[in-house]
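Q: Below, each chain spelled out in residue letters.
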Amino acid sequence: MSGYVEGLLVILAINVIAAYGAFLPLAAGQLNLGIAGFMAIGAYVAAYLSNEFAWPLALTILGGTTAAGLVGVLLGYPLLRTKGIYLVLATLAFGELVRSGLLNLEVVGAAAGYPVGRHAEFEIVCAVAIAATLIVVWLYHTRFGLGMMATREDEIAADQFGVDVRRVRAVAFALGAAMGGLAGALYAHHYSYIEAQKFNVVLSVYVAMYVLLGGVQTVIGPLFGALFFTMMPELFRIGDTWRFVIFAAAVILTMIWRPEGLIDRTLIDRLKAWRGSAATALGVAPSRPR
Amino acid sequence: MGEILLDVRNVTKRFDGLTVIDDVSVAVDRGEKTALLGPNGAGKTMLFNLISGIYPVSEGSVRLGMTDITSLPSSHRVRHGLARTFQNIRLMGHLTALENVLVGQHHLARPIFGALDPLLFGAHNRWKREALDGLRAVGLDQYAGIAVRNLPFGIRKQIELVRAMLARPKLLLLDEPAAGLNPTETLALRNQLEAIATTGVTLLVIEHDMQFVGDLCQRIIVLNFGRKIADGSPDHVRTLPEVREAYLGTDTPADA
Amino acid sequence: MFAQQLVNGLMLGSIYVLVGVAFTMTIGVLNFLNFSIPAIFMLGGMVSWGFIALAGLPWPVGIFLGFLCGGVASLVVERFTYRWLKTSHVDVPLISSVGFLVLFENLIILHMGSSIQRFPTPFADANIRTMGIVVSIPQLCALTITIALVILLHGILRRTHLGRSLRAIAESPDTAVLLGIDVNRIVPALFLISGLFTALGGILFAVSYMQVSPFMGNEVALKGVAAMIIGGMGNIWGAVLGGLVIGMIEALSISFFGGGMAEVIIYAALMIFLLVKPTGLFGDRGIRMQRV
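Residue numbers (my numbering), protein chains in the order written: chain A, 1 to 290; chain B, 291 to 546; chain C, 547 to 838.
Okay, chain A solo, but in the shape it has when bound (with noise of 0.2 Å):
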């Protein structure tokens, strides 16, 4: 495989898992414009464990990881209480307070940025990246994962039947938070130099944006958003420029047209259907209705 296709796999892979950090909240209804700041999180305390304490890699990202978990745990719950637009702006202002912070301290490199010691190979990243798929794949097809659509549709309803409106936003926003952290620390271990100004505003609104833009209804909307996102410049062969120019005009016209995204219940419905019809007619029994 050539260099050029493995380094648009890794950005695939992180945007991918940075994707579904921003998915989950999004799936209980919440948005959170923060995302950066969690990649950062995981991305610092990564590669400052791998720095200063030589752990091996697995632990390194594990820390990033969790530590950006624990913040989205602590976080969680207050912020949780704020409520719509309150919370996206809380977020917001989270983002860039764990920016500005960053770029003060002088421990971790300040504004010159931080060098990386342990690289981590594209392989792991892309690795890492399908198991974390797998398994927000697998959460969204539990009762957790019913609760946070439910609680997302209608949280009084939920409510009433016995989901946790509170508990299941909080969990979703940790998860995500996580998941944050985790793209943040493969993106330290794989290009071996992290700077905090990178991790701005801008960051957390296009994840948020190509996440929006797939769809928040199903679970692999998130992933066609990253795909969308990481692979325009290459179908059409622009500048860097030109394509976050079309990538905001997809996303202003996807909003008109199609606001729950461009994969939505109904396409998934109706590829099912297909595949049923398809199967009755090469004469293979169809599965127990869903």
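These aren't lab readings, by the way, just hints derived from the structure by calculation.
Glycine included, C-beta positions come from ideal geometry on N, C-alpha and C.
Warning: the hint list may mix true and false statements.
[Said to hold, decoys possible] Looking from chain C toward chain A, a few residues come up when the C-beta cut is under 10 Å (computed):
hint	residue
1	Phe581
2	Thr627
3	Phe646
4	Leu653
5	Leu656
6	Ala772
7	Met779
8	Glu809
9	Ala814
Here the structure of chain A is known, so what remains is to put chains B and C in place on it, guided by the hints.
A: Same frame as chain A, but now just chains B and C:
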């Protein structure tokens, strides 16, 4: 019979100085079918909201069986045998019919391991079987995989009822279950509710359709302006002047 | 020394006031956090620069065109976000406006590069000295113009048909329609006003700090939001106070802790506000939260 399941005592609810429920007491016996009537704005849905915990009471108490649920968080009340439907159907629009009714079972799952059980994969687990049976019992299993926002009104109402029943309630609160249904659907609903009642579930129904109520319920409670103005058998309540006055201008019970 | 910082803060704050007012107006009337506002701030500055430095137009003309461009851009945003999306899930218009933020920023980068540019200011070094404090003339003008505009806006909201219509929509959009208010003309007017305010903010920033860049909006965005929150969402005079307070916090932080910490302090203050007293110092007016 004769054992009180729902005991609402001297419940008052105020919002910023406005009293919407004023010293209402209701005692419903196990196995009874009771109707809650009153003109629009009388506070019927608000009373349901107080019983099911969406709003806390300002004064008074609510007991369900042996348990005082007055201060119990709303998400815990379903565990004590309370389930309800809503005036403006509250289903989860983007979820399928099956997923919607699965939500009804939520409180029955074990706390941690139950939460992590990947029941939505495949069709061969007890939760899905039970949910599908529930839908099949009312002839709706064909819609199991369809997102409910694409389904017609009458079917969505039935799904809401199936969801409530899957919560295995002792007390079922129904908020205008017959609203918007045609006569055929209304008859089917009545038969369903009769069937549910024979399994021992206690019914408390908010309705406007006097015919429906008269056929189904043995007892009628009437609210007006947040106060209880009548409580007794249909025949008795029909004759009360306060009740006729409350419904002034519309078909009064006495004309039924 | 302290007094000097306070004065600096007031000057700095006037720009945050303009952005804060733009945010607070939109959210107060339409319950919509318009995230394209920082981009329009940037357009005010960058487009003016473009007309002056690249097209060689006279300074006042360039400024005026930049100002207008902000208004037009805001109308475009209205057309493609709020107009279509009133009935969708709450997050959708927000993300759409974010899309415009990204779009405008990158369109400017395509045409004018991504570097910081020097913005020509005729009377840059003019200042007055009183009581040991130095006050720069451009910044003093900025403050004066800002206050004047807010007073004007206040007058519009209280005394004109437009103002009454806006307040009616803020109370209840459906009732406003029933009352015969032409929402399809009033709402664009609101966007135009908020766009002009924030574009002016960009221009005043360019004039005061003598530089512009395609990223100038990102720095100001959260500070404008903080101004809005501190004053209470929907509260215009609250945003004025909020903007000035943020300006002063920033000026004081820079002088006592250095530039880097100023941001930390502001964002921490914003977060604390949001977690503890999200309705701001004066409470938010007429904000409809999630549809229950």
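Q: If a hint holds in the structure, say so; if it does not, say that too.
A: Okay, the hints, checked on the actual structure:
{"no.": "1", "hint": "Phe581", "verdict": "holds (8 Å)"}
{"no.": "2", "hint": "Thr627", "verdict": "holds (7 Å)"}
{"no.": "3", "hint": "Phe646", "verdict": "holds (7 Å)"}
{"no.": "4", "hint": "Leu653", "verdict": "holds (6 Å)"}
{"no.": "5", "hint": "Leu656", "verdict": "holds (5 Å)"}
{"no.": "6", "hint": "Ala772", "verdict": "holds (8 Å)"}
{"no.": "7", "hint": "Met779", "verdict": "holds (8 Å)"}
{"no.": "8", "hint": "Glu809", "verdict": "holds (4 Å)"}
{"no.": "9", "hint": "Ala814", "verdict": "holds (6 Å)"}
Every hint, counting from the list given before, is met by this structure.
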